[in-house]
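Each chain, written out:
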Amino acid sequence: MTGSLATTRTDLGFLRRRRPVRAAIPAPAAPTPAALELSAPELPAPEVSATSSLASALPPAPKPLAAAPALTTPHLPPAPKPLMAAAPAVPPAAVRRPTRPPLPAPLVGVPSLAAGEHRRLSEDDPLAMLPRAASGLGALECRVVSTAASELAVAYEVRGIQGVLTTGTPRHGPGATHPRVSRRDDHVSVDLGHLDEITRFAVLVRGAEGTLVTTTATGARVDVELSGDRLGVALTGHVARGCLVLRAEGGHGIRGTLRDVVSAYGYDAIAWASAEVPLPPNHTHPHEGIPR
Amino acid sequence: MAALQRGANVSLTREVPGLEHVVVGIAWDPAIDPALADNLRLAAILCGAGGAARSADDLVYFNQMVSADRSVAVGEDPGDADLEQIEVDLPLVPADVERIAFVLHLNEGSPKRRTLNQLKTCVVRVLDGRSGTALLQSVDLANELTTESAVVLGELYRHREHWKFRVVGQGHASGVVGITRQFGLPL
Numbered sequence: 001m002t003g004s005l006a007t008t009r010t011d012l013g014f015l016r017r018r019r020p021v022r023a024a025i026p027a028p029a030a031p032t033p034a035a036l037e038l039s040a041p042e043l044p045a046p047e048v049s050a051t052s053s054l055a056s057a058l059p060p061a062p063k064p065l066a067a068a069p070a071l072t073t074p075h076l077p078p079a080p081k082p083l084m085a086a087a088p089a090v091p092p093a094a095v096r097r098p099t100r101p102p103l104p105a106p107l108v109g110v111p112s113l114a115a116g117e118h119r120r121l122s123e124d125d126p127l128a129m130l131p132r133a134a135s136g137l138g139a140l141e142c143r144v145v146s147t148a149a150s151e152l153a154v155a156y157e158v159r160g161i162q163g164v165l166t167t168g169t170p171r172h173g174p175g176a177t178h179p180r181v182s183r184r185d186d187h188v189s190v191d192l193g194h195l196d197e198i199t200r201f202a203v204l205v206r207g208a209e210g211t212l213v214t215t216t217a218t219g220a221r222v223d224v225e226l227s228g229d230r231l232g233v234a235l236t237g238h239v240a241r242g243c244l245v246l247r248a249e250g251g252h253g254i255r256g257t258l259r260d261v262v263s264a265y266g267y268d269a270i271a272w273a274s275a276e277v278p279l280p281p282n283h284t285h286p287h288e289g290i291p292r
Numbered sequence: 001m002a003a004l005q006r007g008a009n010v011s012l013t014r015e016v017p018g019l020e021h022v023v024v025g026i027a028w029d030p031a032i033d034p035a036l037a038d039n040l041r042l043a044a045i046l047c048g049a050g051g052a053a054r055s056a057d058d059l060v061y062f063n064q065m066v067s068a069d070r071s072v073a074v075g076e077d078p079g080d081a082d083l084e085q086i087e088v089d090l091p092l093v094p095a096d097v098e099r100i101a102f103v104l105h106l107n108e109g110s111p112k113r114r115t116l117n118q119l120k121t122c123v124v125r126v127l128d129g130r131s132g133t134a135l136l137q138s139v140d141l142a143n144e145l146t147t148e149s150a151v152v153l154g155e156l157y158r159h160r161e162h163w164k165f166r167v168v169g170q171g172h173a174s175g176v177v178g179i180t181r182q183f184g185l186p187l
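Residue numbers (the UniProt record's numbering), protein chains in the order written: chain C, 1 to 292; chain S, 1 to 187.
Just so you know, these hints were derived from the structure itself, not from any lab. All values reported here derive from a predicted model rather than from experimental measurement. Heads up, the beta-carbon is just placed ideally off N, CA and C, and yes, glycines get one too. It is possible that some hints are incorrect.
[As the list claims (entries may be wrong)] If you want the footprint, here are the derived chain S segments under chain C, 3+ residues with CB under 8 Å:
1) 38-47
2) 51-61
3) 64-78
4) 109-122
[As the list claims (entries may be wrong)] With a cut-off of at most 20 Å between alpha-carbon atoms, the simulated SDA-like pairs for lysine to any residue come out as follows:
5) S:K112 - C:H187
6) S:K112 - C:P106
7) S:K112 - C:R171
Work out the full structure: start from the sequences and follow the hints.
If you want it as structure tokens, here you go:
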């Protein structure tokens, strides 16, 4: 009995589960010291030692105990073991097992985009994935490089809110206070520092022959060729298991208005003032955010 | 509790025998510019020999909340005294990890650009993760920050058989990208 107290209680791992630390609250004194003292004590050792020496003396002379209640005698033979058995019982306590679940593995089969890497996405090779460690750093910047006049728009889903930024709408989505997606003229940026709020986005281009150049804070770059003068989705981004997956859409398979194209990509929770004019997600006035 | 100056260190496991679970918390003035607060992030970098990260998995931050070995994790509920926390399970830290650096950075993806100069206070604390008792805290690290957008707050490192914590307070004007270069993070 005393021998078992001398060992660290490996079967009480659940008592050590992490709890949120609230430093403002004084340490819960009772449970913690008790737990520490259970694993620490050297106290039982002398007792075990005494029992051990006593026990080693007893087997040859059990008779004096015969008059005592029979309960005492059955415990005597195994008594010498705890002294040595206690030590081997300790090593498992040193093997701590993680209590947190591991992160999910990234998608398989999607080519990774390393820092500084330059890739050209096409119909044959449409995908590139930023590693999880890089997906949450800096901004993703998309810019049209073209000699012709072009128009750029971006549809987004952030914190479950869908919206579209285009000519005449507010520059930032979902709102100006906490902008996550921004658009200005030929330039769209996505704030990856809040990737945990972003579900997906789609960059739309109209009237450009040239290249949509997308860069990251880690110096990676993907190019998507633009062709034709119709409106189309050139590039989409989806967050999958913490990784940003970029896909060249080839852009011009879907004909129609801005509303038609955006809706075809599943952005169907957006209110529209007209087929080309989306309303801001938080609009409260019928004419708010609408160009006049 | 005396506040530790930059460069000062404490042997945590020698001062607190049996210490296994350490929490590093960061607190700043909650009344700062909302755009600044919105973009501040605490990260940890596990470093091997020579002070360099071993792989991209060694960056622990909001988008990669647990290290591959699950020894270091972003605290999900920092409580009232800290704004962000990172938890370290010392017995689980791989033997080839010599130090763990704690970094506060401004994500520069927002159109609302800021610098750490706008922080009024910035204090790093180390707590016993089991009891919540504060073991040490730094001096205010904000007073020497100017144009920086990232700062190495401190580091937890092995010293013989013990774990020590040192207050660093070294700023980087090149932000988190500069930090990743300093620690050789292969992103």
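Here is how each hint holds up against the structure:
| no. | hint | verdict |
| --- | --- | --- |
| 1 | 38-47 | holds (count 3) |
| 2 | 51-61 | holds (count 4) |
| 3 | 64-78 | holds (count 12) |
| 4 | 109-122 | holds (count 4) |
| 5 | S:K112 - C:H187 | holds, 16 Å |
| 6 | S:K112 - C:P106 | violated, 31 Å |
| 7 | S:K112 - C:R171 | holds, 12 Å |
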